[in-house]
Amino acid sequence: MRLDKRYLVLAMAAVLVTGCSSDEKEGLGDTLGADASTSGYSDGSLSGSQFGSNGFNSASHLGPEFSDPNNPLSKQVIYFELDSSQVKQEYVSIVAAHARYLASHPKQRVILGGNADERGSSEYNIALGEQRSKSVERMMRSQGVSASQLEVVSYGEEKPVAYGHDESSWSQNRRVELGYQ
Amino acid sequence: MMLLARISITVLLASLFSVAHAAGLTIEITKGAQTAVPIAIVPFGQGGAIGNVKLSDVVSSDLGGSGFFKTLAEDDMLTKPTEAQKINFKDWQVLGQDYMVIGQVIGNGNQFNIEFQLFNVNNGGLLMGYRFTAGAHELRRAAHHISDLIYEKLTGRKGSFNTRIAYVTNAVRSQGRQYLLQVADADGFNPRTIAESPEPIMAPAWSPDGAKIAYVSFHTKRSEIYVQTLATGQRESVSAYPGINGAPAFSPDGSRLAITLSKDGSPDVYILNLSNRGLTRLTSGMSIETEPTWSPDGSTIVFTSDQGGKPQLYTIPSSGGKSSRLTFQGDYNARGRFSTDGRSLAMVTANGGDYRIAVMDMASRTVNVVSSGRLDESPSFSPNGSMVLFAAKSGPRSTLAVASTDGAVQQKLAFETGEIREPAWAP
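These protein sequence lines map, in sequence, to chains A and B.
So the first sequence is numbered by numbering that gives the first Met the number 0: it starts at 0 and just counts up by one.
So the second sequence is numbered by numbering that gives the first Met the number 0: it starts at 0 and just counts up by one.
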């Protein structure tokens, strides 16, 4: 009795699954293009100089004042408080020094790379990073730097310089990097 | 190449821990439901060349991982019948099983004939029997298909085992750190890289038909939104405005993308028509508006805004109009994602401390926290709405995790190398 039932069910299932099977084939054949992984962005033209935490400044023409630790121009990272895009008092003079330099070197361009710590959602952090960059941009513009010299880019939490999951890492990641071009 | 999978399953007390090892991937159930239904997946009878995939292990891992079932370890089985007439149901009753599955797989090198039957252990009744064929590289998908059929028969809800996920990971190559956009089976197996860049890749979002993925790439060192067709690997830049190009989300009919742009000042939500590239601005103001997501009927967009000081979720008609605040609990609610039926909304939530995944019931507006990490983000629902996939940071790595929408079950998908972030469950 059970045997009969089994074959009946299997026979019915076979009929049902004939349709399902061809559907399934289509689904299963839905593979990713064979060349997709190789047609990614790995071609040589894009593997040039990376910027970010290391070597953000691609300009080699900067004067010695940029490497003199006693000169504010040597400091090219501005740090921020949690969920804040306000430039802290201790960094105002550093931003001002860069603004003075840029105002007197109108052909010099700088990318203001905004960053956030890892907490919360990635796209919100992109917005937060941009607000930080724009705070620095506004300060520089008010001190005579032309708009064409400044470009705002936000990496959100995508380019941390410290990888811990605590405040000592987070405080290093909430930053704007001044990338002289 | 077939995956060399070695899967071991251990049942400890009332909760369930199942661990699968393959290709650097570990699946660990970190919290099991107390009410899980006991089911035994008996190793399938095998004939001919059947390769390295053990169907019963895949089915067992799927069903156990769903949280609705507690699977019996193979070592605890008294017998391993492969035909109905050889089953002694008393053996399985003694082991406390409610249901059992037997099956057979016969391979000839190119094709597999697979059959399985599902029985009610208490009365010996046959609940379901199927026979079908699968190609040489389709055995895992065939096993997921079996899991779907069993899950639907016993829970009344469609299974989501035969689905895919997209996520961003990274790898260290000779030219330095590379960001990879990958697509894998929902259990993390069979990963394929669909885009690669030395600069960040973010925010993969599936088209409603599962044929395309929109994502953000910084490979020009500025953000840009691409739409890539999976079958061909062809991609197209659809948004490269000055400032932020971010957070793409396909409309339910696939014709438009909701995106975030900051070209007009602060970040705002726009609707991009994919056929003519026309833009409609949906939000305005000095505050941050980002992370749009469509309600499944297309009428509403939910987005994150800090217009009230802290990030909270708001709704706005997708045709434009007045926005209204949706979330009020906690000081951080961001990145909403609807379930397929539109009844639930997953989000990242925090209240001064840990960032966790919460699910809001849209009718009652009650919010239930379903994860237990410190830094959980990027939630998306399984197609059947029963699970939420998200990224969880713990220790040095970022891993993928899955929680049932009631929070009763939590499962971790850990990869051996690299960070796994920004997961998105395919429709």
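Hints should not be assumed to be uniformly reliable.
[What the hints assert, rightly or not] Each computed DSS-like pair below joins lysine-lysine, with the alpha-carbon atoms no more than 30 Å apart: (1) A:Lys74 to B:Lys262; (2) A:Lys106 to B:Lys309; (3) B:Lys220 to A:Lys74; (4) B:Lys262 to A:Lys87; (5) A:Lys87 to B:Lys220; (6) A:Lys87 to B:Lys157; (7) B:Lys220 to A:Lys106.
[Unchecked claim] Computed footprint of chain A on chain B, listed as stretches where at least three residues anywhere in the stretch have a Cβ under 8 Å from a Cβ of chain A: (8) 62-72; (9) 268-282.
I should point out that these hints are in silico values taken from the structure, not numbers from a laboratory.
The beta carbon of each residue, even a glycine, is placed where N, CA and C say it ideally should be.
Consistency of the hints with the structure:
1. The hinted pair formed by Lys74 (chain A) and Lys262 (chain B) meets the criterion: a straight-line CA distance of about 29 Å does not exceed 30 Å.
2. For the hint linking Lys106 (chain A) to Lys309 (chain B), the alpha-carbon distance of about 39 Å lies beyond 30 Å, and the restraint is violated.
3. A distance of roughly 23 Å separates the Cα atoms of Lys220 (chain B) and Lys74 (chain A); the hinted pair therefore holds under the 30 Å criterion.
4. Among the hinted pairs, Lys262 (chain B) with Lys87 (chain A) is consistent with the structure: their alpha-carbon atoms are about 26 Å apart, no more than 30 Å.
5. About 27 Å separates the Cα atoms of Lys87 (chain A) and Lys220 (chain B), which keeps this hinted pair within 30 Å; it holds.
6. Restraint check for Lys87 (chain A) and Lys157 (chain B): not satisfied, since their Cα atoms lie roughly 54 Å apart, outside the 30 Å limit.
7. With a C-alpha separation of about 21 Å, the suggested pair Lys220 (chain B) and Lys106 (chain A) falls inside the 30 Å cut-off, and the hint holds.
8. Three residues within the 8 Å Cβ limit are the bar, and the stretch 62-72 of chain B against chain A gives 0, so the coverage statement is violated.
9. Check on the stretch 268-282 of chain B: 0 of its residues sit with their Cβ under 8 Å from a Cβ of chain A, so the three-residue criterion for coverage is violated.
In summary, the structure is inconsistent with hints 2, 6, 8, 9 from the numbered list given earlier, while agreeing with the others.
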